[in-house]
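Can you build the whole structure from these sequences, using the hints too?
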Amino acid sequence: MCSLPTCCSDPPKAREFWLAIPLNEGKTQPTISLEIYVTSQYNTLVTLEVPGAGFAATKKIKAYEVATFSTKNGTANFDWEIESSQVPDNKGIHIFADKPLSVYMLNGKDVTSDGYMGMPINSWGTDYIHCAYYDFNEYRPLGAGFVVVAAYDSTKVTIHLNGKGKGFARTKSGSNIGDTLVVILNQGQVFNVVGDATTINTFDLTGSVVQSDKPIGVISYHQRTLLPQNSQNGRDHLVEMLRPTSAWGKKHVTLEFIRDNKGDFFRIVACRDNTKWSLKYYDKLADTLLGQRSGVLNRGEFFEDYNNWAGKSAITGIRGVSVWESDKPTMVMQYQYSANWDRGDNFDPDMVLVTPVEQFMRSTLFQTPSNPAFINNWYNYIVEGDTTDTNNVKLKSFVIDGDSVYKSYPQLLLNQVPGTNYYWGFKFVSPGPHVVTSTSKFGGYVYGFGSFNGYSWPAGSATRSLDAIDTLPPVLTFDTECGDYNYLATELRRFSPTPDSGQYDIGIFDIRIIDSLSYNYTLKYITSPTIIPIPIVTEFKFDLKVIDKTRDAFAVVQVMDRAGNYVMDTLRYEVEHPRITESFIRFPDTRIGAIRQTKVSILNPSSTKKLVIKSITLLRKKEYRII
Numbered sequence: 017m018c019s020l021p022t023c024c025s026d027p028p029k030a031r032e033f034w035l036a037i038p039l040n041e042g043k044t045q046p047t048i049s050l051e052i053y054v055t056s057q058y059n060t061l062v063t064l065e066v067p068g069a070g071f072a073a074t075k076k077i078k079a080y081e082v083a084t085f086s087t088k089n090g091t092a093n094f095d096w097e098i099e100s101s102q103v104p105d106n107k108g109i110h111i112f113a114d115k116p117l118s119v120y121m122l123n124g125k126d127v128t129s130d131g132y133m134g135m136p137i138n139s140w141g142t143d144y145i146h147c148a149y150y151d152f153n154e155y156r157p158l159g160a161g162f163v164v165v166a167a168y169d170s171t172k173v174t175i176h177l178n179g180k181g182k183g184f185a186r187t188k189s190g191s192n193i194g195d196t197l198v199v200i201l202n203q204g205q206v207f208n209v210v211g212d213a214t215t216i217n218t219f220d221l222t223g224s225v226v227q228s229d230k231p232i233g234v235i236s237y238h239q240r241t242l243l244p245q246n247s248q249n250g251r252d253h254l255v256e257m258l259r260p261t262s263a264w265g266k267k268h269v270t271l272e273f274i275r276d277n278k279g280d281f282f283r284i285v286a287c288r289d290n291t292k293w294s295l296k297y298y299d300k301l302a303d304t305l306l307g308q309r310s311g312v313l314n315r316g317e318f319f320e321d322y323n324n325w326a327g328k329s330a331i332t333g334i335r336g337v338s339v340w341e342s343d344k345p346t347m348v349m350q351y352q353y354s355a356n357w358d359r360g361d362n363f364d365p366d367m368v369l370v371t372p373v374e375q376f377m378r379s380t381l382f383q384t385p386s387n388p389a390f391i392n393n394w395y396n397y398i399v400e401g402d403t404t405d406t407n408n409v410k411l412k413s414f415v416i417d418g419d420s421v422y423k424s425y426p427q428l429l430l431n432q433v434p435g436t437n438y439y440w441g442f443k444f445v446s447p448g449p450h451v452v453t454s455t456s457k458f459g460g461y462v463y464g465f466g467s468f469n470g471y472s473w474p475a476g477s478a479t480r481s482l483d484a485i486d487t488l489p490p491v492l493t494f495d496t497e498c499g500d501y502n503y504l505a506t507e508l509r510r511f512s513p514t515p516d517s518g519q520y521d522i523g524i525f526d527i528r529i530i531d532s533l534s535y536n537y538t539l540k541y542i543t544s545p546t547i548i549p550i551p552i553v554t555e556f557k558f559d560l561k562v563i564d565k566t567r568d569a570f571a572v573v574q575v576m577d578r579a580g581n582y583v584m585d586t587l588r589y590e591v592e593h594p595r596i597t598e599s600f601i602r603f604p605d606t607r608i609g610a611i612r613q614t615k616v617s618i619l620n621p622s623s624t625k626k627l628v629i630k631s632i633t634l635l636r637k638k639e640y641r642i643i
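In the numbering used here, the protein residues as written are 17 to 643.
Take the hints with a grain of salt, since some may be wrong.
Here are the in silico distance ranges between beta carbons for each label pair [unchecked claim]: (1) S544 <-> N202: 13 to 21 angstroms; (2) N192 <-> K423: 40 to 48 angstroms; (3) Y535 <-> E598: 30 to 38 angstroms; (4) P157 <-> A73: 48 to 56 angstroms; (5) S189 <-> D169: 35 to 43 angstroms; (6) Q427 <-> V312: 17 to 25 angstroms; (7) T543 <-> N202: 22 to 30 angstroms; (8) P447 <-> N93: 58 to 66 angstroms; (9) A73 <-> D143: 32 to 40 angstroms; (10) T554 <-> G42: 31 to 39 angstroms; (11) T543 <-> E598: 30 to 38 angstroms.
Mimicking EDC-like on lysine to aspartate or glutamate, the simulated pairs with C-alpha atoms at most 20 angstroms apart in a straight line are [claimed, not checked]: (12) K292 <-> D212; (13) K76 <-> D126; (14) K43 <-> D289; (15) K615 <-> E590; (16) K615 <-> E598; (17) K625 <-> D500; (18) K443 <-> D405; (19) K230 <-> D212.
Worth flagging that the hints you see were computed from the coordinates, not collected in a lab. Glycine included, every Cβ here is placed at the ideal spot set by N, Cα and C.
The structure is reproduced here in structure tokens:
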């Protein structure tokens, strides 16, 4: 039988990733470790392969534990770093499992490290805008750029080079700002575009547009830099995997890195022409307005501030809690300054993609590095509250690793971001996986440092497309026979010709069984072996079959769309045992070869289900047989 479907909205999770490793500093830099951390809410088998290197490794992981692929145990290799420039390179890293995963990468070398959160391929898009920092020609040339990753054969990628410093420098392969590059990539290939690193604080490819005819991944990076570049100490690697512009938002709220209260460096990048934006930032404790900015940007343009060093602690950047708002989608990138920006001697630059509030979520599973080089790890978070609720029900539901945060950190209930219904906080976290849940939505990022080394990455993020308004879950229809179900999931609603004014289904994202609740059922995709993000999947057939029909079976199936809305259905199969009117049949003595008859009735106890009798046998077959 099937129950009534339930629906909700939650961030999608995924089973397949393609990553790439941009070059950190250089090949001669002493290494610490290259590590890829994989975790799941389920017991599963995860595989990492690099087809271009002929490498593959598989690890079993238990729910809420971490599988680490590392140069320390031979399951990762610094040869995977990308040195090529503007040519297809077979260095894509493929990670997959049969259960949803979260994946993080950390590239650690001596005094230069950073990492990123992997974006699953079913969250990829076809339009990106690059964001990193200026080329840095100091003790040696160190460039900034981006890597395109392909998951599908014959992917056509078109790159429009934008940025600052036209005429002063080029890309490493000689392309100029204003040029258009076109390349065809196959599955597992990457394409690296990086500056020639002949300048300081002059040439920057930020704002370059990367488009494709099939979904791609894009990773922005800097080999290594000071920030600002006229400071005197604290160089580090920068890297972050980007969201497609379809997943950008119009409001970002974030908290400064916990160091010396001298602020952080930010960039805001526009997706569309004539984007009006504003910034207000406040003292964390006094709630006073410290500064504000506003402006207008065209597509690919960016704003930055406090990009100059005047001595240790001489200048304060954008500090406290900041609120960025715009009338069109934007991307906000947050950076740590170099060590001598203030007294944060253990800190070095890194960059983290700020999660827009539209992509906040109600649960996440994130990791901090297991590498002992990063002994201090922090989780900065922003939680949606309700300023009209004196009981603070939303905030009190925020739980980290089983700890109700408001009990261990009562200040959370008072840390309102002025003029909003958002609240901020931070927590020191241990190495390894961490689970965060809430009935309210939240966002945040993780960061850490060791001796002249640091990293940062988002602590999870929804990845739904925000191009259209989709608030309704997929529609399920089915037929059934003897416990087996044949389903059709659809996303066909188009209530308005314009996405901004009505329900606009944006496609099926994921179909799965909730393993922890299900038994003796198997799920099989019928329409295709996988669900691809583009073209949009509006109809998809799948079956749920009882594995062993001599045993009861139960399943909860979840179907999610690309906006994070999902519908759940409950299936139950109960074995029906026929009733026999005579449970014990005794025949009198009978001559061998003679036939003796008696009547036995076999009854179907169900008035609605068909009972098929495939065979009848005798418990003892020596003297009698059924004819």
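Evaluated hints:
1. Distance hint for S544 and N202: a CB-CB separation of about 20 angstroms, consistent with the stated range 13 to 21 angstroms.
2. Between N192 and K423 the beta carbons are some 58 angstroms apart, a value that contradicts the proposed interval 40 to 48 angstroms.
3. A beta carbon spacing of about 35 angstroms between Y535 and E598 agrees with the range 30 to 38 angstroms that was offered as a hint.
4. A beta carbon spacing of about 34 angstroms between P157 and A73 contradicts the range 48 to 56 angstroms that was offered as a hint.
5. A hinted range of 35 to 43 angstroms is violated for the C-beta pair S189 and D169, which are about 24 angstroms apart.
6. Distance hint check for Q427 and V312: the Cβ-Cβ separation is about 37 angstroms, which falls outside the suggested range of 17 to 25 angstroms.
7. Distance hint check for T543 and N202: the Cβ-Cβ separation is about 24 angstroms, which falls inside the suggested range of 22 to 30 angstroms.
8. Our hint of 58 to 66 angstroms for P447 and N93 is violated, since their Cβ atoms are close to 23 angstroms apart.
9. Between A73 and D143, the C-beta spacing of about 34 angstroms keeps the proposed range 32 to 40 angstroms intact.
10. For the pair T554 and G42, the beta carbons lie near 48 angstroms from each other, so the given range of 31 to 39 angstroms is not met.
11. Checked against the hint of 30 to 38 angstroms, the C-beta distance between T543 and E598 comes to roughly 50 angstroms, which is inconsistent with it.
12. Distance check on the hinted pair: K292 and D212 sit about 33 angstroms apart at the alpha-carbon level, beyond 20 angstroms; violated.
13. Straight-line distance between C-alpha atoms of K76 and D126 comes to about 30 angstroms, which puts the hinted pair past the 20 angstroms bound.
14. The suggested pairing of K43 with D289 is violated, with an alpha-carbon distance near 40 angstroms, which exceeds 20 angstroms.
15. For the hint linking K615 to E590, the alpha-carbon distance of about 29 angstroms lies beyond 20 angstroms, and the restraint is violated.
16. This hinted pair checks out: K615 and E598 have alpha carbons roughly 9 angstroms apart, not beyond 20 angstroms.
17. Note on K625 and D500: the hinted pairing holds, with a Cα-Cα distance of about 13 angstroms set against a maximum of 20 angstroms.
18. For a cut-off of 20 angstroms, the pair hint linking K443 to D405 is broken: about 25 angstroms separates their Cα positions.
19. A threshold of 20 angstroms between alpha carbons decides the hint, and for K230 with D212 the separation of about 29 angstroms lies outside it, so the pair is violated.
Of the numbered hints stated above, those contradicted by the structure are hints 2, 4, 5, 6, 8, 10, 11, 12, 13, 14, 15, 18, 19, listed in ascending order.
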